[in-house]
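Q: Residue numbers (numbering that gives the first Met the number 0), protein chains in the order written: chain A, 0 to 223; chain B, 0 to 735.
Worth flagging that the hints you see were computed from the coordinates, not collected in a lab. Since no wrong hints were added, every one of them can be taken at face value.
Below are the DSS-like pairs computed for lysine-lysine, each with C-alpha atoms no more than 25 Å apart in a straight line:
#: 1; chain 1: B; residue 1: K610; chain 2: B; residue 2: K60
#: 2; chain 1: B; residue 1: K414; chain 2: B; residue 2: K564
#: 3; chain 1: B; residue 1: K564; chain 2: A; residue 2: K112
#: 4; chain 1: B; residue 1: K443; chain 2: A; residue 2: K112
#: 5; chain 1: B; residue 1: K610; chain 2: B; residue 2: K554
#: 6; chain 1: B; residue 1: K554; chain 2: B; residue 2: K443
#: 7; chain 1: B; residue 1: K334; chain 2: B; residue 2: K211
#: 8; chain 1: B; residue 1: K354; chain 2: B; residue 2: K211
#: 9; chain 1: B; residue 1: K443; chain 2: A; residue 2: K1
#: 10; chain 1: B; residue 1: K60; chain 2: B; residue 2: K554
#: 11; chain 1: B; residue 1: K564; chain 2: B; residue 2: K554
#: 12; chain 1: B; residue 1: K60; chain 2: B; residue 2: K48
#: 13; chain 1: B; residue 1: K414; chain 2: A; residue 2: K112
#: 14; chain 1: B; residue 1: K334; chain 2: A; residue 2: K63
#: 15; chain 1: B; residue 1: K610; chain 2: B; residue 2: K56
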Amino acid sequence: MKFGIVVFPGSNCDHDAWYAVTHNLGHEAEFLWHDSESLNAVDAVILPGGFSYGDYLRCGAIAKFSRIMRAVERFAREGGLVLGICNGFQILVECGLLPGALIRNRGLRFICKQVELRVETINSPFTSEFQKGQIVRIPIAHGEGCYYADPRTLDELEAEDRVAFRYVDNPNGSLRDIAGILNAGRNVLGMMPHPERASDPLMGSTDGLLVFRSMVAALSHASR
Amino acid sequence: MSAITPELVAAHQLTAEEYERIVRLLGREPTYTELGIFSVMWSEHCSYKSSRLHLKKLPTKGPYVLQGPGENAGVIDIGGGYAAAFKIESHNHPSFIEPFQGAATGVGGILRDIFTMGARPIAVMDSLRFGPLDDPRVGPRNRRILQGVVAGIAHYGNCFGVPTVGGECVFEPCYNGNPLVNVFALGIVRQDRIFYARACGIGNPVVYVGAKTGRDGIHGASMASAEFTEESKQKRPNVQVGDPFMEKLLLEACLEAMETGAVVGIQDMGAAGLTCSTCEMGSRGGTGVEIELSRVPQREAGMTPYEIMLSESQERMLLVVQRGREEEVFRIFRKWGLDAVAVGEVTGDGMLRVKHNGEVVAEIPSRALADEAPVYDRPRTRPFRTAPMEGPEFSSHDLTADLIRLLASGDLCDKRWIWEQYDYMVRTNTVLGPGADAAILRIKETGNSLAMALDGNGRYCYLDPRQGARLAVAECCRNVSTVGALPVAATNCLNFGNPERPEIMAQLVEAIEGMGEACAFFETPITGGNVSLYNETLGEAIYPTPVVGVVGLMKTGLPVTPAFKREGLHVMLVGGLGACDDKRFGATQYAKVIVREIWGLPPLLDMDYEKRVQAAIREIVGEGLAESSHDVSDGGLAVALAECSLGGVGAEVDLPGDDRPEFVLFHEGPSRIVISTAQPDRVERIAARHGVEFLRLGHTVRGALRIRQRGRLLVDCSVEQLRRPWESALEEALRG
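Can you make the complete structure from the sequences, with help from the hints?
A: Okay, here's the thing in structure tokens:
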């Protein structure tokens, strides 16, 4: 499988995602420049963490207008797998591929720490390799990760089984402890925690690798 | 053009003698712009005029050193064809005036120093010192400074994408008016791709890249070379404003440009901005540089040559590019959306020639600026100290309560509130992060790992600068050894008061000599660093505070951390109990927090013994015998045992010896490491082979810490009783 990792000016977890995919997962990955119109026929897209365009104006607000996002939106509409991590999640909500918003952490400070997540659904191409209800350790590192949406949207996400991960001990004030959500088509996942930082035994957890393994499983199933 | 009056010379912080020297070097009166250029280049900050003579006493060579002092950063061989570039930089003065931007640009400045060498920064550590948060007079200001500094470091490092993997944070009243912000950064570079700040090849274009030049930070370097007075509060415009996003783009663009092979030399514009970069590159390259200021990208209209030359706007670099290959370089900077403009060229006449719209506004021999700055052998007496040699009578009513108070004190309490605001994991190399004795970073390029530690101890150095500096080096090397790494090189940051006071100058010289002795002994040459003088407000100097950063090499593997992991293991003290007396107890945390005094002398260090203890612990950890490992330092043995217990598994130990219990529990004698192990016999054999004392203190137990001395119970509490005050102290103090 070939993963495409988008590089915006200011992305800084792009290499980490690349390393997790190529070294820890053992698949191919290539960087996609923000100014490119093509996704180079990759099998799945990762929007990595970082501070795209300096996060000026609002996190992800400028990245939404980059050329590559037109291609990513098209890819997502056609059912392609898109994983947005941290800043990538912020970009996905900014461009409407996912509902809601990510606002300042409740404590108004940046938080970097290992956290526990509960896997809420395994009915998705990103979570099929987990057990439902499994508690996993995947770190967060963000200043604006408090998930916010109106009650109807939250109800809808829950009714449609689109909450992928919840925090066991909510670190940032996210409504209903939401850490990651799926789109209606279940082919787009946005999550604030960093699975690429939990893909190597040296980093203290390999739970994040299951996100990538699930994607590989879904893709190989589809290509069969 | 302004006439050069004695008042103008004095306003530039140049002495009459220095001005005469300028006139002699030029063979004429300087222009106003030239005066400005000389004033920043000859400032203490840029010229090291008070310290240079003594810095020569530091060892700078060794088997691992590829580049010693004199470049933007030191470089060492880490094997596999790769090298590590690293250095410490201080941003003390700006952080007092504007904590957020002062600290942020401190991080930005040292990161540029690292990637100027062609190295990608992979880790940062910070040594922070503030006035006490509960100071009755200036506590609120100290809290604001700490919060601003931490937020500034977080803002810059997190956005740039470099992990902040550890450091130290200490509180003393002497830092009330002079907080210290020292940033230690390290990057990785292929040995055949190291870049130097040299202007070579006559006729090669000099290219300005990065942010535009504005009026910010003019005279920042001179500001950092003067004491604080009431007027300093008006120096806010001298503090620069950082943009970490711009720096991230600059990093990527510079590394990509270096890959082309078209870049001949590169220098960042830090202190003294365009002035420093042009004349230092010329001086190092043995050439001259000619620039045309009208081509310099400017943020605002109507800037004078003086302002353009002295601006300290951030995120700017100067490149020397092979003639004919400019377009290759320009293309890369365009891709990253950055300005890149040829502003001049390398010349053969050794002059820094600055033109503005074709007219020459400054013409100075590069060497005069960079290498012929005055060097002072400033008079010195005995190191300043007012502390007595003898301490007061004291005796503890409740040693358990003392221990809990110590753990909840500013220097020893949990600093999680600080380091959780830093992204300490980005780049996925952090094998061991903040809160441990040393940080460990795996190096993806080589398959090996590096350890880094950062230490200083102003109290020890105040009582005896020479011994204090030796102890700082010993502790830093011990921290690196405690996680199993071999210390191979060091960088330093020398924070002192006004060197024109002989008793302060004496502190500086003693500390440099002590540091030199220890670095030579521990085989950790100093590859570069920084000197920050004039850390005084209204005549009150800080404690002499040399800070040292040490880098160690090790194999990659799961880390050995301080916390006891499971019950039933042997708790051992490698190095033995050590010794103490009344005098040597006066610098301890116990003296500070419980007795509330400072007296006597710092702990006694036997460097030869220390080195053997470090060799022993490296072998013990390297053989996989230690399930936990933690050095005994601030707070002594009881605090070290408590720190090992905070994860939930405590210990039950019985100490030998007849010393009074306060000494046994809390003295800070060096050369001691607490480990837990299932194989005490093998540990003992290793220790014995190195000629190192070892003690079996007891066992790990669930949820409690009990310390006896020859059977007599001294400390008895649950881990929870220790953990809660330790965990909550900093946040509570910040709430005021």
